[in-house]
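Trainee: Taken in order, these protein sequences are the chains called G and S. Number 184 in the numbering used here belongs to position 184 of the first sequence; there are no gaps in the numbering. Number 195 in the numbering used here belongs to position 195 of the second sequence; there are no gaps in the numbering.
Check the hints yourself; a few may be wrong.
[Claimed, not checked] Derived coverage of chain G by chain S (criterion: at least 3 residues anywhere in the stretch with Cβ under 8 Å from a Cβ of chain S; other residues may be distant):
(1) 50-58
(2) 79-89
(3) 148-156
No lab work stands behind these hints: they were computed from the structure. For every residue, glycine included, the Cβ atom is placed at its ideal position computed from N, Cα and C.
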Amino acid sequence: MSLLELHDLHKSYGPVAALAGVDLSVASGTRTAIVGPSGCGKTTLLRLIAGFETPDRGRIVLDGKVLADENGAVPAHLRGIGLVAQDGALFPHLSVADNIGFGLPRNAERRAERIAELAYIVGLDPTVLKRRPHQLSGGQQQRVALARAMAMKPRLMLLDEPFSALDTGLRASMRKAVAELLEAAGITTILVTHDQAEALSFADQVAVMREGKFSQVGTPRELYLKPKDRMVAEFLGEALVLPARIADGFAESPLGRIPLDSVERRDVARIMLRPEQVMIERASRQDAAAAQPGLLYGEVTESEFAGASCAVAVKLLNSPDPPEAAAIGSTPLMLRRPGIDAPAVGDVVRIRVVGTAHVLA
Amino acid sequence: MASSAGTMRQDLAATAVRGRRARRRGVPWIAVAAVAVSLFASLPLGFVVVAAFQTGWETVSALVFRPRVGELLTNTLLLVVLTVPLSAALAVALAWLTERSDLPGARLWSWLAVAPLAVPAFVHSYAWVTLMPGMKGLWAGVFISVIAYFPFLYLPISAALRRLDPALEDAAASLGLNPRRIFLRVVLPQLRLALCGGGLLVGLHLLAEYGLYVFIRFDTFTTAIVDQFQSTFNGAAANMLAGVLVLFCLSLLGVEALVRGEERYARVGAGAARLHQRARLGRMTLPCLALPLATAVLSLGVPFITIGRWLLAGGAEVWRMDEIGLAFGQTLFLALAGGLLATLAAMPMAWLSIRAPGRLQRMLEGANYIAGSLPGVVVALALVTITVRVALPLYQTLFTIIAAYGLMFLPRALISLRASIAQAPVELEYAAANLGRPPLRALWATTVRLSAPGAAAGLALSALGITNELTATQMLAPNGTRTLAMAFWNYSGEIDYAAAAPYAAIMVALSLPLTWLLYVQSKRMAGR
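Here chain S stands alone, though its shape is the one from the complex:
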């Protein structure tokens, strides 16, 4: 018995040695691929810097320091500064009600707080504008942005609330703190990571969004860049606005990193946390129900009812099946191709970050992180300029638009992939190598196969993003391309709201299952 265990241990040691050698041989190719992807992902950022240098300081300062830019800066700044805290407050309140109180139907409300993600932001805006044509300006922008984007905060906050160790709150109570002060001094500080991450995501979306703000005639950097691009093609003015927008993005990343700090919020100690007790709402139940109800009505009821109303008003004739079919086919093709590219491009990075973490990997990851946070309009502008100047045959080709999608949605694919690779034990790779597979085939037979669900989820998330993408598609797609989002945009631009409605309905219908996936995943990650 003892001797057989000894032999086994020796076998394992041999496997480990052989596996390590195999890995050493496998790494360079994967690292080269990861570096190549990261370099490509840095193109837009490089473009902004090079454009600024080539334009020369005088032109740059003339283009940047003018009242118009100041106005855009004020608008964008106010939008971010107002929307993010309001979304955070709404998300914390909803998360507390659905996770920590005995609110009736908590699971339903929790799903309804995530579901607004299935409605593209510009469809939210479309719904409100057709309902109340007078909506415009900053406050309309803040209102619709909160409704469209608060789920990005709700998801991480509710997950964090579920994961918090109740023993901490018990400890605080035994030290004489009342429930309100426990929430402020123990619970809220623990939500800091979730608040920062979700807030950053919302902020980046605010900077990148185009359609939402055009509907309500609210100018941000992104809308101004697209306007400029449409009137002067790729002039220096658009490039410089893009430069300022990139600075804005980078400072948002910087602020987030600063606020998040280096602190650790993991549970100290071993063992499983006990389940939370839910707070009794008692007489407050009815007033508390009003919040999720009102949120659901505003964020889901309004778009669904508006789309439904326009579909009814349009009748059968808005369903021009040839047109819709074509748009649907094109969208599906672009979404799958772009999603596939993003997922493939993310694989080397994801593998490195789990199996061979180190300085190179951290640097590459940082580069990808920054590149992924750039708005679609900047990526599109960069690719337009580069193809026109360097590789004209590629301008407005399928290749360029799919490359742009790959760039923009790489981070989404990366996150899903990384999570699933982390769950595939490296010992399996060793075992496959020990059984005679060459390194890359060993990798394929074990880790790649096991991380397939994560890859599929990453592909689906990227495809969802591409389906609802408008800005870059408009600027980069080959002539004659008409995706669902573009068709919707053109019809609603012509104030033919009824003809736009089928496209909105299809986009929502495509997004709903993926949003459900997102919801289920967040529940599972919190262990439930």
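One chain only, chain G, in its complex shape:
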């Protein structure tokens, strides 16, 4: 059952179109991530859903109730949608406890207990309740902001890059904790971020946004493995895009004959592989010189150690006569290998492709 429906949303600031027709359906109890480069309109979209701005055109429906359309908009404070902003937006003049209880009526029954309970849920130590926001660390501030939003028992929670101000290690653990917490509370969540890894690991549904529109919407796996176009492919991770001749469900490419993941009617197309699909194993120069047909060899031209992983550039030594072979042969393949056993510059390797190739539109 879908909780939130967006239909054809448009919003312009003067001549600049921030949103140019956005459609989205968010199922109840799920997590959706909206990801895109900065300036793509994702924050505007979030502000429209929250009710801080009104759309020029289009409709926002929450739980069957129209929040905004041509006839007007429900103001933000009547929507019952939770929000956690980029840096928490905690009220600096109130204590942590008063921040959490801000939306609760002041004479509400068991207000203090409720605040303590919320603090416990988000993993805040009870001793911080008396402190002021500026005395907390970045991660604690985000927990307070989350508790404050959850106090209102919203059906929908909007997260506006809430982890971007945290350092790398904390970011991943906070993301996991927040995801579990919101799932346990049964709150539908929309996360806005520019970090693709965050989007892929957090959400059930990912929407890639560009220039005020969604390029593609789907599950993380679908988007990563079957991106619609090159932009989506490269935005969600490193990609090898190769020209290929298509025949009988196979692609004839500079990397040999690779099975396709779908039926394709075109003769010539661009295919995409993720670098982790390309395997390399050490070989000798003699093997490469006397290569049997179907076997592919390359030479390592760069090897950049970066701890756990190692970026390796491999130049093809031989290639089955495909179109544009010469051009491809001179552009090295950029691969990522485990740092422990990375080949050195000058090594000759045998190249193998696993899995299927995806045909780009």
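For this one, chain G is given, so just place chain S on it according to the hints.
Mentor: For chain S alone, coordinates are given in the frame of chain G:
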């Protein structure tokens, strides 16, 4: 590449070490200068205490606990208690309209809400009295005070409104608060610092102002002290009234410190705040326009029209150029000399508070803060008494009046200087020292040069204050001195309003550019 970066870092470390050593050698002289200035600034306060001791308890209680003092206390208290909240309400409303709503011509209204500062308070009073001769008493005092002083509240409040992070208001809306409750529970508490600071400034001006209340025959401590001084010179009665006035000032400072509290209102988190959305007034636009319009008419229209009317009525003959020229020259000289002294005296303090903050610096700053909040009449009374008793040759000399100006306007100079020194990085001082300049010359070549604009602004602000100063000038200036303010005061005292008008016009004309500077600075400080 890596090795050259390493060497560079070593160089920097060496610079820092050398710089620190240089600073250690430089500090004592500057600290000594700052202490000397602070001691001198504490003279008036010391005078009040010593005077009370010397007078003896019986005389003190006889002079203080009498109906006249009770009456003055009631008057002054009511004036402060009524004027400050009314000014604050007006300032908040205007600031919200000009900063947060889509009021047409918001920038113009914003400037017009600051411009009344260019009109000296006693000129406001003069304008109203000549327009409505019946104006007198408490309510007239409150009315004219609000009009003359609300910009002191408008400036910090509008700046604070502009700086507030809109994300806080968004957060409150998402927690179910309607716009009115957001204003009360989120916006207003954030304005507390601005309200306290501006309110204190207005309160101190109310306590110190003389001319405004004489026009409308409303007695406050300051007018009573000047009356007493004029009739009995420096008798114990005037001194004791000054003592009560100082207590009043100190309690105002105390109340402000109490209300302001220790809370922090800075933005939590990093990054730049997004811009505010302006509220749509819609059908309320016209009624809302009435407020800034009425304020501008009352606070600018009335003085300008009155001065213009008297200038017209007086014709060419009120422009006695020899007299005006002399007053203008004297005023300019006193203003520049006093401003220069205030700025020079503020330099060691300002430098210490940025470069070597610590307990000594905080103590000195506190002393200067209290000294700067004392009304001109107390400073003047102190200097009169001290020169007459201890250094008679200095009584009513140029030296004494300029020293008084230096005392009274030191805080203004200090604030501008401190802001600009804070922007001159200490690394430059280190670099100059590293290139072989001795400490004080390194300081001169870098920080002093870079803070010149701040010093100029401080000098200008002090000079503006001196140009419009009346009370201390009257009591301390050498015989034969006739500044613009004094000439204006004498003519209007003789009910020759037409002859006073040119002086009022010149004072306003001199103050307008500086008021503009103040306005532009407040916009810039808020990042726009």
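Trainee: State for each hint whether it applies.
Mentor: For each hint, the structure was consulted:
no.	hint	in the structure
1	50-58	holds (count 4)
2	79-89	holds (count 10)
3	148-156	holds (count 4)
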